[in-house]
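Chain A is already provided as a structure; the job is to place chains B and C on it using the hints.
What follows is the residue order along each chain.
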Amino acid sequence: MTDYSPELRTAATWLRWAKWLQVPLYFLVLIGLYGAFVYAPTERVMGDVQRIFYHHVAAAFDAFLAFFIVFVAGILYLATRKVLWDQLAAAAVEVGIVFTTIVLTTGPVWAKPVWNTWFPWGDPRVMTTLVLWLIYVAYLILRSSLPEGDKKYKFCAVFGIIGFLDVPIVWMSIRWWRTIHPVVITSSGANLEPRMLQSMLAAILAWFVALFVLVLLRGAMRLHALAVEQLRQEILDRGRTAA
Amino acid sequence: MNWYLFFGYAIFWTLVFVYLVYLNGRQRELNRELEELRESLKE
Amino acid sequence: MKTLRLIWTLTAKDLRIEYRSRQAFLTTVFFALLILIIFNFAFDPGDEKIRAAASGILWVSLLFPGVIQLNRSFQSEREEGTLFALILSPVDRGIIFVGKLLANWILLTLVDLLILGAFLIFYNFPLSSRLFWLPLLLVLVGLVFSSVGTLFAAMVSGLRTRDVLLPILLFPILVPVVIAAVNATRELFGTGEFQFFYQWIKLLVVTDVVFLAGAFLLFDFVVED
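Chains as they are written, first to last, in the working numbering: chain A, 1 to 243; chain B, 1 to 43; chain C, 1 to 225.
The set of hints was computed from the structure by calculation and includes no laboratory data. Given the structure is predicted, the values throughout are model-derived calculations rather than measurements. Be aware that a few hints might be false.
Said to hold, decoys possible - Taking CB as the label site, the calculated pair distances span:
1. B:Thr-14 - C:Lys-49: 33 to 43 Å
2. B:Trp-3 - C:Phe-41: 38 to 48 Å
3. C:Val-209 - A:Asp-150: 22 to 32 Å
Claimed, not checked - Heads up, simulated EDC-like pairs for lysine to aspartate or glutamate below, C-alpha to C-alpha not over 16 Å straight-line:
4. C:Lys-13 - C:Glu-80
5. A:Lys-151 - C:Asp-220
6. C:Lys-202 - C:Glu-187
7. A:Lys-152 - C:Asp-220
8. B:Lys-42 - A:Glu-234
9. A:Lys-112 - A:Asp-48
10. A:Lys-82 - A:Glu-7
11. A:Lys-82 - A:Glu-148
12. C:Lys-2 - C:Asp-92
What the hints assert, rightly or not - Residues of chain A placed beyond 10 Å of chain C at every Cβ, according to the derived structure:
13. Tyr-39
14. Val-45
15. Thr-80
16. Pro-108
17. Glu-229
18. Gln-230
C-beta: ideal position from N, C-alpha, C; glycine also.
Isolated chain A (complex conformation) (with noise of 0.2 Å):
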């Protein structure tokens, strides 16, 4: 029988991480809508609807780290061939789209009524946020067409650090065409008024404590899939011997 505990005893050790990770996290969401809703004064020129700003802002913060920690655990993958890696980064690439679906369908409600457009092409944090669900998107599609196993796993991480090494990149062209075809929009984050500022901190720290906990949970859900599709294996491999 092969000894696939130690899979297994990552999935416990996530399971808990995750479970303490909990107490604090409906606390800060709390705390972060406290923020956002009652403790910021209204901004004086949008009014209430900025009131969006501080969870979107968190949610494309965390978007872009839970990235990043695909790209980490894609080399840690190449690096060691631990299968936990890639299943770490697949349950971080899934929370990132979900936190980028986040952005891009909250975005365009601010935009409207602010810059008295949908979908401002041409804003760099825009463009980069929808470049990295492209990007992430196709990644799932990888994931999907490749049969389970170390192939899989390597093909996956290569995209996934390929994916990582463009973000600069796609920063850079964007911003540059931007000031060639000048957009109305001023920056929204500089100066912004102290209990702006510690209410957008609160809810980046809740919705980063809400990845790690979606990460932790998605991964050690992943790892539980492979143990049992081994164990059918298994059983399908005996009942073939025994017969």
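Here is chains B and C on its own, set in the frame of chain A:
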């Protein structure tokens, strides 16, 4: 009531919720598979 | 010296195969021509707006057909089982990568030059000395396209879905390259000052270096066993 603000957060939480429901579904599927394997071992 | 000779042997092998069949080359050129012509029908005849969109049209017609060329370069290796032989041979994987990359790069540049000629005729561009910069752009974009492309093509070559998968993987990564190429070309077609041209060239050179190094290092993992 600012409707843009309302929709912004409605979309935000809906997406989080949808992902949690998806995770729940995957977990249930996994449990069922495990149960099936257990049954097949009993026979 | 020996390394260079080995690389050239591999490149020459690919070029010779392509010269004999000319299959990928002709398909790629034809597809690119089709895109150029279809775009013309998408605008009203004689519409001046097409001028403004011209540099975008040029790069769409250069980049999309390039995928055919990339897929083709590994398809024959798989079908004949020669990729396996290459991997078993006592040659460093990096050399195999560079050999493949060079072959793809040369073929792509040839296709691109042909298409560029057709484009200048179709779209009735006034010839100016600025257009001599275009081949440089083609070469720079071709290098990043074929280094990431060769890496990904090797990855998907064993899959049934490779024809759809390769562009899906490649184009999200190439977004900044498209932006740089289109905007640099727009300055070449215009008559104004060269405001940002060198900046775009710089971006392309950086992209070339990053992806060439990245693909070179990662190729090892893509062709194992």
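Legend entry - Unmet hints by their number, sorted upward, for this structure: none
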